[in-house]
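2 protein chains.
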Amino acid sequence: MVQLRPIGWVSSPRAEPMDDDWGGVTATVRLDGDWCTSDALRGLDEFSHVEVVYVFDRVDPAGVHTGARRPRGNPDWPEVGIFAQRAKSRPNRIGVSICRLVAVDGLTVTVRRLDAIDGTPVVDMKPYMTELAARGEVRQPAWSHQLMAGYWTPVPDERSPGSSAPAATP
Amino acid sequence: MVQLRPIGWVSSPRAEPMDDDWGGVTATVRLDGDWCTSDALRGLDEFSHVEVVYVFDRVDPAGVHTGARRPRGNPDWPEVGIFAQRAKSRPNRIGVSICRLVAVDGLTVTVRRLDAIDGTPVVDMKPYMTELAARGEVRQPAWSHQLMAGYWTPVPDERSPGSSAPAATP
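Chain order of the listed sequences is A and B. At position 119 of the first sequence the residue is numbered 121 (my numbering), and the sequence of numbers has no breaks. At position 98 of the second sequence the residue is numbered 100 (my numbering), and the sequence of numbers has no breaks.
Since the list can't tell identical chains apart, any single copy or any two copies may satisfy a pair.
No more than 20 Å apart at the CA atoms, straight line, and that leaves these computed lysine to aspartate or glutamate pairs for DMTMM-like: (1) Lys90 <-> Glu53; (2) Lys90 <-> Glu133; (3) Lys90 <-> Asp41; (4) Lys90 <-> Asp59; (5) Lys90 <-> Asp21; (6) Lys90 <-> Asp120; (7) Lys90 <-> Asp22; (8) Lys90 <-> Asp62; (9) Lys90 <-> Glu18; (10) Lys90 <-> Asp23.
Keep in mind that the hints were calculated from the coordinates and are not lab data.
Start from the sequences, fold in the hints, and give me the full structure.
In structure tokens form, the structure reads like this:
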């Protein structure tokens with residue numbers, strides 16, 4: 003067994019698990035000052051992106067899948083293995099997201115595109131380097147493109163003024 | 003605290019930690035059949051790349067950095083925070099690598115560009131999707147490009163025949 007101690011926690015406007023519409027979300031990771039110092043973040047702001055590793059701690063361990071399942075239970079998509087999808091009900095319940103770095107201030111890192119809900123324990127942060135990107139042609143099945151189609155669309159109340167959101171009154 | 007159980011282990015020709023020359027390495031991850039079934043890998047072969055999450059278990063927890071250090075101790079590079087570098091001596095000792103998928107066979111996944119040594123415990127595998135790549139321009143400091151310059155060069159005895167490796171006898 004491997005024991006992890008959170009290095010910090012997510013603060014996010016999203017308090018409940020949601021499948022889609024993560025595009026407009028800005029969140030922060032605040033380091034645990036009892037373990038790490040703000041020195042641990044020195045120089046991070048020279049990177050444009052940061053990889054955040056966290057734990058889907060609201061998933062009941064009894065509900066974790068160790069075989070195959072249909073992503074989101076969608077009957078239009080094939081039954082695929084839990085390691086052939088990124089569902090949160092996975093062994094060890096680990097999430098990894100490449101986020102846009104917005105700011106570093108003391109023990110707090112502000113990011114966009116962190117698809118983890120409020121209170122999520124963070125277990126690592128790493129700077130993103132182009133040398134570690136997927137090399138060569140990327141191939142993935144059609145269902146995965148369909149699943150991701152609505153993932154990053156902005157939520158309506160987070161659209162910027164002047165966007166295409168309908169006015170509240172005609 | 004968060005408890006992880008390995009989903010499997012790495013088999014690699016590299017038995018000792020090394021900084022560079024990971025380019026020519028082919029490795030496997032073999033799932034723990036007492037926990038996961040081969041169904042957990044169903045459909046993974048439709049993806050070209052897989053993200054592997056593992057633990058640098060040979061790093062002494064007492065040697066973990068929680069502040070800043072010079073990457074590889076190189077005096078030419080700045081002291082940066084442990085979360086502004088990808089050194090293995092980091093809190094929770096977690097590594098994440100995007101690998102090229104070579105084959106899936108039963109409980110065994112063969113990959114290229116997995117920079118983890120033989121026997122490393124793996125705690126998650128996820129399919130790589132383009133929708134989760136770094137979005138927008140990527141920016142990173144010069145030291146990180148210098149550090150990565152030799153990372154993926156092939157090791158001599160793994161070069162393909164006909165490459166520029168010198169012959170053993172003239």
